[in-house]
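Chain A is already provided as a structure; the job is to place chain B on it using the hints.
2 protein chains.
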Amino acid sequence: MAGENRKAVVLVSGGVDSTTCLAIAKREGFEVFALSFNYGQRHRAEIEAAKKVAKAFGVKEHLVLDVPLGAIGGSALTGGIEVPKDVPVEQMQARIPVTYVPARNTVFLSLALAWGETLNAADIFIGVNALDYSGYPDCRPEYIESFEKTANLALKECVEGRMRIRIHTPLIKMTKAQIITRGVELGVDFSMTHSCYDPDPVGRACGRCDSCILRKKGFAEAGIPDPTQYAP
Amino acid sequence: MAGENRKAVVLVSGGVDSTTCLAIAKREGFEVFALSFNYGQRHRAEIEAAKKVAKAFGVKEHLVLDVPLGAIGGSALTGGIEVPKDVPVEQMQARIPVTYVPARNTVFLSLALAWGETLNAADIFIGVNALDYSGYPDCRPEYIESFEKTANLALKECVEGRMRIRIHTPLIKMTKAQIITRGVELGVDFSMTHSCYDPDPVGRACGRCDSCILRKKGFAEAGIPDPTQYAP
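Here the protein sequences come in this chain order: A and B. Residue numbers are given in numbering that gives the first Met the number 0: position 146 of the first sequence equals residue 145, and the series is strictly consecutive. Residue numbers are given in numbering that gives the first Met the number 0: position 110 of the second sequence equals residue 109, and the series is strictly consecutive.
The shape of chain A in the complex, shown without the other chains (with noise of 0.2 Å):
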């Protein structure tokens, strides 16, 4: 069954995975229903640019959805807690930093069941990554997998046997650099992405954030000149 659908919801926050990760469901043959979070995030540019990446790679949709995460609070991302800079990459994965959003990706995937359910979309993208990654507990192997049994038991169509939820993450053993060059053979102009969760007022990434601070890595790894306008 699964293999005869061809629709799949990707999520798509405007950043370099989830840019890769949209460009490799489109390889994949998918028609793909690009959906996006406001969630309160202090990095709304973000939004911007998954805006243009949608465009860019011709989804047939985007649904860009409010979530009051910031109501809840409890972040340095949607909260009044300062976004850690200069912390080195061993640092970030040894704990989980206070960018860590509560239950965000929980929150995200659930809202792409409700959509894929009524789309008729089986297949998730997410572009979760466990390597080059701020240490967040929901980007986990683990943690995707489980999800993944939870949707199969929650949802109408597939406790009646039409349907089955399948969650791709095709960046999760990638390291930054390789998901960039694997980007860039997509076809992914990486000048549309933002990644930085401090920008300038004009949208400058910051260059010292976690985000920021792989992303730079990435792209020097990679080989790759970095087009992201930092500020001065």
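Among these hints, one or two may not hold up.
Identical chains share a label here; the pair holds if one copy fits it or two copies do between them.
To be verified - Pairs of lysine to any residue, SDA-like flavour, derived with a Cα cap of 25 Å:
#, residue 1, residue 2
1, Lys6, Ala176
2, Lys59, Asn119
3, Lys148, Ile171
4, Lys84, Glu159
5, Lys172, Asn151
6, Lys215, Ile95
7, Lys51, Arg181
8, Lys148, Ala129
9, Lys25, Ala176
10, Lys148, Gly72
11, Lys6, Ala75
12, Lys54, Gly72
13, Lys215, Ala70
14, Lys6, Ile95
15, Lys59, Gly79
16, Lys54, Glu184
17, Lys84, Pro136
18, Lys50, Glu220
19, Lys50, Glu27
20, Lys59, Ala70
21, Lys25, Asn151
22, Lys6, Gly160
I should point out that these hints are in silico values taken from the structure, not numbers from a laboratory.
Same frame as chain A, but now just chain B:
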């Protein structure tokens, strides 16, 4: 650890089940944080009921979140599909009805996790029941157990060993009559509650949707007068 933490997030829709569930959480000694959702449901009267109930039980806080399930559609409760009327109870449970909302409990529980983690509340109460219910897959014990496992893999506080999420479903094996009887024992004033999927403009229950039928049957079987205001 779980025993020391006496805060609970209780999902409160303002209906019979969630109100009894709230009363049980209070009776078990939890400090209750009530969580309701404005998800584009046509029976938004339930949010006013939830507010009354939360106040009557002296919850610590009541958060009402806007969730964009209406933007996603796929349900008689949020979309243009008509709410079925006069369906016999046996038929309701024979197949999942059009009032099913895609991934609703997964979305709601995910947001409860997010709030729970910021509050340091490891206990989440949800008034699902698998006997006198509408046949929704995300009310079954196997779904709830799977969600609980996923939650414990998703959250920073769980992965770092400071919290273990427990999803409480005290009503899961109760009939509607038992739920009503238990609610009355615990001091619930059911005249405050709202169950109807399709109330009239002044908020009176239709008496004919699945939710009204199950509610009426419950009061009748419990031998307790039904305080519901039905439309003439």
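Now the hints, each set against the structure:
Within a single copy, Lys6 and Ala176 get their C-alpha atoms no closer than 28 Å, and across copies no closer than 44 Å, so neither meets the 25 Å cut-off. Within a single copy, Lys59 and Asn119 get their C-alpha atoms as close as 14 Å, which meets the 25 Å cut-off; across copies the closest is 41 Å, which misses it. When the C-alpha separation of Lys148 and Ile171 is checked against a cutoff of 25 Å, the pair qualifies both within a copy, at 18 Å, and between copies, at 21 Å. For the identical chains of this complex, Lys84 and Glu159 are inter-copy neighbours only, at 23 Å across copies versus 49 Å inside a copy, given an alpha-carbon limit of 25 Å.
Proximity of Lys172 to Asn151 under the C-alpha cut-off of 25 Å is found in both arrangements, the shortest distances being 24 Å within a copy and 22 Å between copies. Within a single copy, Lys215 and Ile95 get their C-alpha atoms as close as 20 Å, which meets the 25 Å cut-off; across copies the closest is 50 Å, which misses it. For a Cα distance limit of 25 Å, the shortest separation of Lys51 from Arg181 inside one copy, 19 Å, qualifies, whereas the shortest one across copies, 55 Å, does not. Both within a single protomer and between protomers do Lys148 and Ala129 lie at most 25 Å apart by alpha-carbon distance, with minima of 20 Å and 20 Å respectively.
Taking CA atoms no more than 25 Å apart as the test, Lys25 paired with Ala176 passes inside one copy only; the shortest distance there is 21 Å, against 52 Å between copies. In this homomeric assembly, Lys148 and Gly72 come within 25 Å of each other (Cα to Cα) only across copies, at 23 Å, whereas the closest approach inside a single copy is 28 Å. Taking CA atoms no more than 25 Å apart as the test, Lys6 paired with Ala75 passes between copies only; the shortest distance there is 24 Å, against 34 Å inside one copy. Proximity of Lys54 to Gly72 under the C-alpha cut-off of 25 Å is restricted to the inter-copy arrangement: shortest distance 23 Å between copies versus 31 Å within a copy.
In this homomeric assembly, Lys215 and Ala70 never come within 25 Å of each other (Cα to Cα): the closest approach is 32 Å inside a single copy and 37 Å across copies. In this homomeric assembly, Lys6 and Ile95 come within 25 Å of each other (Cα to Cα) only across copies, at 24 Å, whereas the closest approach inside a single copy is 34 Å. Taking the shortest Cα distances, Lys59 and Gly79 sit within 25 Å of each other only across copies (23 Å), while inside one copy they are farther apart (37 Å). Proximity of Lys54 and Glu184 under a CA criterion of 25 Å is satisfied intra-copy only: 18 Å inside one chain copy versus 58 Å between copies.
In the homo-oligomer, the alpha carbons of Lys84 and Pro136 lie at most 25 Å apart inside one protomer (21 Å), although the nearest pairing across protomers, at 45 Å, exceeds that limit. Proximity of Lys50 and Glu220 under a CA criterion of 25 Å is satisfied in neither setting, with 28 Å inside one chain copy and 55 Å between copies. In the homo-oligomer, the alpha carbons of Lys50 and Glu27 lie at most 25 Å apart inside one protomer (21 Å), although the nearest pairing across protomers, at 48 Å, exceeds that limit. In this assembly of identical chains, the alpha carbons of Lys59 and Ala70 lie at most 25 Å apart only when taken from different copies (17 Å versus 31 Å within one copy).
Only within a single protomer do Lys25 and Asn151 lie at most 25 Å apart by alpha-carbon distance; the minimum there is 24 Å, versus 33 Å between protomers. In this assembly of identical chains, the alpha carbons of Lys6 and Gly160 lie at most 25 Å apart only when taken from the same copy (17 Å versus 38 Å across copies).
Hint check: violations occur at hints 1, 13 and 18; the rest are consistent with the structure.
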